[in-house]
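Protein chains: 2
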Amino acid sequence: MAVYTDVSAEQLAEFLSGYSLGELLSYKGIAEGVENSNYLVHTTSGYVLLTLFEKRVKASDLPFFIGLMEHLATRGLNCPLPVKNRSGEALGTLAGRPAVVVTFLEGMSMRRPTAAHCEALGEALAQLHNAGEGFSITRVNALSMPGWRPLYDMAGHERANTLRAGLGDTVAFELDHLEKEWPRNLPAGVIHADLFPDNVFFLGDKLSGLIDFYFACNDMLAYDVAICLNAWCFETDASFNVTKGRALLQGYQSVRPLSAAEQEALPILARGAALRFLLTRLVDWLNVPPGALVRPHDPLEYFRKLRHHQRATTARDYGLGA
Amino acid sequence: MAVYTDVSAEQLAEFLSGYSLGELLSYKGIAEGVENSNYLVHTTSGYVLLTLFEKRVKASDLPFFIGLMEHLATRGLNCPLPVKNRSGEALGTLAGRPAVVVTFLEGMSMRRPTAAHCEALGEALAQLHNAGEGFSITRVNALSMPGWRPLYDMAGHERANTLRAGLGDTVAFELDHLEKEWPRNLPAGVIHADLFPDNVFFLGDKLSGLIDFYFACNDMLAYDVAICLNAWCFETDASFNVTKGRALLQGYQSVRPLSAAEQEALPILARGAALRFLLTRLVDWLNVPPGALVRPHDPLEYFRKLRHHQRATTARDYGLGA
Chain A
1 MAVYTDVSAE QLAEFLSGYS LGELLSYKGI AEGVENSNYL VHTTSGYVLL
51 TLFEKRVKAS DLPFFIGLME HLATRGLNCP LPVKNRSGEA LGTLAGRPAV
101 VVTFLEGMSM RRPTAAHCEA LGEALAQLHN AGEGFSITRV NALSMPGWRP
151 LYDMAGHERA NTLRAGLGDT VAFELDHLEK EWPRNLPAGV IHADLFPDNV
201 FFLGDKLSGL IDFYFACNDM LAYDVAICLN AWCFETDASF NVTKGRALLQ
251 GYQSVRPLSA AEQEALPILA RGAALRFLLT RLVDWLNVPP GALVRPHDPL
301 EYFRKLRHHQ RATTARDYGL GA
Chain B
1 MAVYTDVSAE QLAEFLSGYS LGELLSYKGI AEGVENSNYL VHTTSGYVLL
51 TLFEKRVKAS DLPFFIGLME HLATRGLNCP LPVKNRSGEA LGTLAGRPAV
101 VVTFLEGMSM RRPTAAHCEA LGEALAQLHN AGEGFSITRV NALSMPGWRP
151 LYDMAGHERA NTLRAGLGDT VAFELDHLEK EWPRNLPAGV IHADLFPDNV
201 FFLGDKLSGL IDFYFACNDM LAYDVAICLN AWCFETDASF NVTKGRALLQ
251 GYQSVRPLSA AEQEALPILA RGAALRFLLT RLVDWLNVPP GALVRPHDPL
301 EYFRKLRHHQ RATTARDYGL GA
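Line by line, the protein sequences are chains A and B. Numbering-wise, full-length UniProt numbering puts 237 at position 237 of the first sequence, and it's gapless, one number per residue. Numbering-wise, full-length UniProt numbering puts 295 at position 295 of the second sequence, and it's gapless, one number per residue.
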């Protein structure tokens, strides 16, 4: 939640003069997204969102992100559509940063999603997976299984144990286990990879849009389902709400049925997804720079979720077919 | 620039159900204001701004601030107008904070105001002073001359000298000088007291609105002019741009001519205004809490401005009648 790059009215007016968006009326830096700077911009033709990509986003990934949003939006998914400038380019430069203007989506993210929200999320996730078919650019998931051990080495075993006794040992055990058991050959395609409640807008119970495609990549589709089970179906006391899990999976399967192999793999994928967020949060937690403007997320939330997954044995434990 | 209090969609929808503003469509925490949390809220009836007052604002001051905006807006000043709820109240409670909804103003603050912007600012400041007449609530300016020595004691003489050699001694000298020479009996009324470029919106060269009345109080009107001379007419190298000063004063006097006594007092008022911002910035600078989300402003900017004012002798040095 931050605005890292300050843009002056003069700079922004100059930048927008390259677009067919009319005159600038106002703009506000908004507290959305942890990786980039975002401005809500009002012009005589309406509201758009301006994103400046900060250092953590690789410039070489931008054609994938921008192309993907175009691909998905033109296939009817409710997601931001990049706006092209008069030269036909969606990617520009502003204040020394790569910058993109996208359409503004109405709606609000839910702090405490209900089972109905989870069902709608499941449907939208499957629609995203179907809509991603035929997208020609690919992007490796740097945060999939092979990336976890390097992340853990970065965090450090001893430092992990200082955060909570036994945390380091649990992670070391999980890494060994997942490296052996991680599924291969499941249906793959474009995944969102970060579809937390923050990134899903609702108007009432109706899902109105998906945002923040800046972790999207190619990976197993069912891994995206497992990420969502982690992000949407636990209560604040770390208990898994199987009613929400069932709703999410029913919503998903109403659009894209999971294969038998995908269903069987759900528990191990959920374990891996929990470890992935535990590890990135751990690294962020142990490396907060002095004077940081962003508070890191609590890694222990995902430690508790991981413990839950270690006890699950079949997809029924997540509400599938139950 | 921060959002201190997080508001959920559920909380906000419940709060807005007390207003005649239609259905909530979206809301964004915006990076505006250093004392409060601000959200830009879109409902089926349009855009409004929601402010949650954080601890630094005294609850007992809120009727003054809200009443003043109503008073000024109904007298034609372009400033936010508090929106009343169905019970006729402008002040409500949200997420445990006093909260107010105000009308949204278009326009952008200028990073590098031109002389034309300074002239428009001068006019608007005088309009504000005239429009403030007849407002029945009063609020003492806690940051006027009698408040400066306590602020300096809070910063500490030795700590001030550590920031820059001689800074503490200069401040100590100024305090003695200003306590002796500070004008009394100049025309007084409601002043904005913080009308920096951040708080003034333009559409092109046309001033479209004044915002952030949360330092407003009763004090000498010419002191507000002196604050603006400090905030608008220095270049980044701390040189005073007399063309901008002249434009600001001409704009002001085209609406409300300064009396001979006010003109004569301008240099000492400008000195005091520089010291006031130097002192509050110094206190903030020396007291940044660990993990702070806001970077304090540089106190030395106002030290350099103060040095300029120490060399000025008459209002002609600020462009008056020149």
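Treat the hints with caution; some may be incorrect.
Identical chains blur together in the list; that is why a pair holds if it fits in one copy or across any two.
Straight-line Cα separation of at most 16 Å, EDC-like style, residue types lysine to aspartate or glutamate; simulated pairs [what the hints assert, rightly or not]: (1) 180 to 61; (2) 206 to 23; (3) 206 to 10.
Treat the hints as calculated values from the structure; they're not laboratory data.
Checked hints:
Taking the closest pair of Cα atoms, residue 180 and residue 61 never come within 16 Å of each other, the shortest separation being 30 Å inside a single copy and 64 Å across copies. For the homomeric pair residue 206 and residue 23, the shortest alpha-carbon distance between copies (14 Å) is at most 16 Å, but the shortest distance inside one copy (33 Å) is not. In this assembly of identical chains, the alpha carbons of residue 206 and residue 10 lie at most 16 Å apart only when taken from different copies (14 Å versus 39 Å within one copy).
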